[in-house]
Amino acid sequence: TGVLPQEGTHNLIMNISDLQGNPLFSNVIGSLLARMPFEVPVPHAGTIIKKELEYDESRRLIPAYNVPQGERGKVHIWGRNDMPIRQKLGIHWIVQDPDGLIAEDYQDWQFMRMGPGNDHEFISPGRFDLNKPGTWTISISLSMNPDAPLTVDSYAGVLCTVAAVAPPPEAPPEAPPAEYTLEVAIEPPGAGHVLISSKGPYSAGEVVTLVATPYPGYEFDHWGGWPPYPG
1 TGVLPQEGTH
11 NLIMNISDLQ
21 GNPLFSNVIG
31 SLLARMPFEV
41 PVPHAGTIIK
51 KELEYDESRR
61 LIPAYNVPQG
71 ERGKVHIWGR
81 NDMPIRQKLG
91 IHWIVQDPDG
101 LIAEDYQDWQ
111 FMRMGPGNDH
121 EFISPGRFDL
131 NKPGTWTISI
141 SLSMNPDAPL
151 TVDSYAGVLC
161 TVAAVAPPPE
171 APPEAPPAEY
181 TLEVAIEPPG
191 AGHVLISSKG
201 PYSAGEVVTL
211 VATPYPGYEF
221 DHWGGWPPYP
231 G
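For the sequence shown, the UniProt record's numbering gives the first residue as 1, with consecutive numbering after it.
By construction, these hints were calculated from the structure, which means they are not laboratory data. Please read these numbers as outputs of a predicted model, since none were measured by experiment. Ideal Cβ positions, reconstructed from N, Cα and C, are used throughout, including at glycine. Check the hints yourself; a few may be wrong.
So the derived label-pair ranges between C-beta atoms look like this [what the hints assert, rightly or not]:
1) Ala166 - Ile49: 33 to 41 Å
2) Gly70 - Pro201: 43 to 51 Å
3) Leu101 - Ala166: 21 to 29 Å
4) Ser139 - Arg72: 15 to 23 Å
5) Glu121 - Leu101: 25 to 33 Å
Let the sequences and hints guide you as you build the complete structure.
Quick look at the structure:
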């Protein structure tokens with residue numbers, strides 16, 4: 001028996017000698033193909049373990065609901081290494097508004113590999129305006145193997161719903177200032193005349209002076225009308 005030192009084709013040689021050790025025959029009688037034991041590669045495995053949307057100095061799990069219109073959003077995604085060896089995680093997500101327009105397109109790789117069972121948080125580099133009411137969506141891909149990326153987990157669905165904020169009520173129009181008129185009647189008619197200091201209409205609080213002059217044969221008695229004149 002013998003141990004083949006490496007993978008490949010090896011010749012089988014027969015050597016025949018006499019009892020004194022003198023060679024009688026030596027020749028190649030065949031060949032042998034040696035294969036090394038086959039190693040099963042470890043499959044890449046990872047999981048998106050948490051998704052959060054940050055706004056208004058707080059965080060909500062994705063999908064978040066009834067986010068007030070006008071807030072500014074930031075995404076946080078956690079990925080975990082489910083392999084028995086150290087690995088590097090990568091992320092790619094796209095946020096779209098209710099009209100399908102892209103609000104954020106972000107991708108990144110960990111700087112260092114991390115051990116089995118460890119997780120890593122990926123964070124939006126900036127913020128995007130949640131300026132449209134309706135349903136916002138996000139598609140996420142968690143990857144491994146930076147040289148030839150392989151997607152190990154994904155999510156595609158609702159990021160959040162944005163609730164429209166009612167505009168502040170408009171102030172009621174200012175009422176026009178009140179105006180007043182003045183009519184004078186003389187009883188009996190033709191018994192005199194009344195001089196009015198100014199012609200109306202009049203504003204509230206305006207002072208109007210009336211001077212009554214009776215004709216000969218008549219004399220002034222009193223002012224009448226409604227409301228009763230105090231003087």
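- Task: Please name the hints from earlier in the document that this structure breaks, with their numbers sorted from lowest to highest.
- Result: Checked against the structure, no hint fails, so every one of them is satisfied.
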